[in-house]
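Here our numbering is used: position 110 in the sequence shown is 110, and no number is missing along the way.
Hints listed in this document are in silico derivations from the structure and should not be mistaken for laboratory results. Please read these numbers as outputs of a predicted model, since none were measured by experiment. Cβ atoms here follow ideal geometry from the backbone N, Cα and C, with glycine treated the same way. All clues stand as given, with none of them false.
The list that follows gives simulated cross-link-like pairs (lysine to aspartate or glutamate, EDC-like), each with its CA atoms no further than 20 Å apart:
#, residue 1, residue 2
1, Lys85, Glu114
2, Lys48, Glu38
3, Lys105, Glu141
4, Lys105, Asp150
5, Lys85, Asp63
6, Lys85, Glu141
7, Lys85, Asp96
8, Lys85, Glu56
9, Lys48, Asp33
Restraint ranges, calculated between C-beta atoms of paired labels, are given here:
#, residue 1, residue 2, range
10, Ala29, Asp178, 27 to 33 Å
11, Arg209, Gln27, 35 to 41 Å
12, Gln101, Glu225, 36 to 42 Å
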Amino acid sequence: MTTVHPEPPAAEMGTLLRELNHRIANQFASAIDLISIEAVRAEGAEAKAALSGAVELLHGHADVHRALSMPRQRALVDAATYLRKLCGAFQGAVLDRLDIQLTLKGDRLPLQPERCWRLGLIIHQLVTNATSHAFDGRSGEIRIRLAHADGLIRCVVSDNGSAASRATQGPGLRIVADLARTLDGRIEHAVGGRLRSVVLCFPPTERERHAHSAIDRRRVKLSCEKKPAQSTVARKGRAGSFDRVIHPGAIANVQAAIVPPASQGGAPSRAPSDMLAQLFSPSYSTDAP
Numbered sequence: 001m002t003t004v005h006p007e008p009p010a011a012e013m014g015t016l017l018r019e020l021n022h023r024i025a026n027q028f029a030s031a032i033d034l035i036s037i038e039a040v041r042a043e044g045a046e047a048k049a050a051l052s053g054a055v056e057l058l059h060g061h062a063d064v065h066r067a068l069s070m071p072r073q074r075a076l077v078d079a080a081t082y083l084r085k086l087c088g089a090f091q092g093a094v095l096d097r098l099d100i101q102l103t104l105k106g107d108r109l110p111l112q113p114e115r116c117w118r119l120g121l122i123i124h125q126l127v128t129n130a131t132s133h134a135f136d137g138r139s140g141e142i143r144i145r146l147a148h149a150d151g152l153i154r155c156v157v158s159d160n161g162s163a164a165s166r167a168t169q170g171p172g173l174r175i176v177a178d179l180a181r182t183l184d185g186r187i188e189h190a191v192g193g194r195l196r197s198v199v200l201c202f203p204p205t206e207r208e209r210h211a212h213s214a215i216d217r218r219r220v221k222l223s224c225e226k227k228p229a230q231s232t233v234a235r236k237g238r239a240g241s242f243d244r245v246i247h248p249g250a251i252a253n254v255q256a257a258i259v260p261p262a263s264q265g266g267a268p269s270r271a272p273s274d275m276l277a278q279l280f281s282p283s284y285s286t287d288a289p
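Kindly generate the complete structure, drawing on both the sequences and the hints.
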C-alpha cells in the first residue's frame, strides 16, 4: 500500500525554505572563513593567490544565493528590479571570468513575491545552461527581455552561442519546464539569426493584471501631460492650405477618458497613482495559490 503524505501548507513551506536558505548562507560563510585563514597561513605568493581567488569565488556565489532568495514582503515585487540584482550578482560571480556579457531589458513588472522568485529561479537556470553549454569557452552574450503585452508576461533568454553544443532536453530544462507550469506558463525554443532563445510565457494573476493596467494608465497620462498644448493660431502649409489646429481642450478630453468616471454613489474615481498604492499594499488580498 502506498502512503500519500499531504503537502505542507504554504506558510510551513516558507518557513522551511527560509531555514534552508539560512543554513546555506552559514555554510558559505564558514567555507569563506576557513579558506581565508588558510590563505593567511599559506607560504608562497602562488598559493596565497589561489586561495584568495577561491575566497572571492565563494563570495560571488554567496551573492547569487542571496539575490535568489524569495522576497519576504506581501506587497507586489518589481520583477525587473529583482532580476537586475540577480543578473548583477551572476555577472560578477561567474560571467566576468568567462568573458560573457549578460544584459537585461524590461520595464517595471509587478509580480507577487513567490511568483517573482519562481521567475528568478527559471532565469537563473536558463542563464546557467547557456553558460555551461552554449559557448565552449568562447566569449559571448546572453540577453534577457522582460515584457507584459497581450495579456501575457513574456521573458526571453537569448544567447549567441553555438547550437551544436546545446541540448534541448536535460535535467536543467526539465526543471525550467516544471517551474513554468507552477506559473501556468509554457516554455518554447526559437532560433533567429545568430541568437538562440528560450521563451517563457505565463499569465498574470488578477492582482498583477490590475497593477499592470494602473501602470499603463499612468504612463499614458504622463505622456499626455508632457505634450505641450499647441497654439490655437493656425499654421499655414506650403501649399497655401492650413494645418489642422489642436486645441488644449482636446488633451483634457483624452485625460478624462483615461481616468474612469466617478461611481454612481458620487465618490470620485481614484487616480492611477492611488490605485497603484492600494495594489502594492500588503493589505490587498491575493488570488495566488
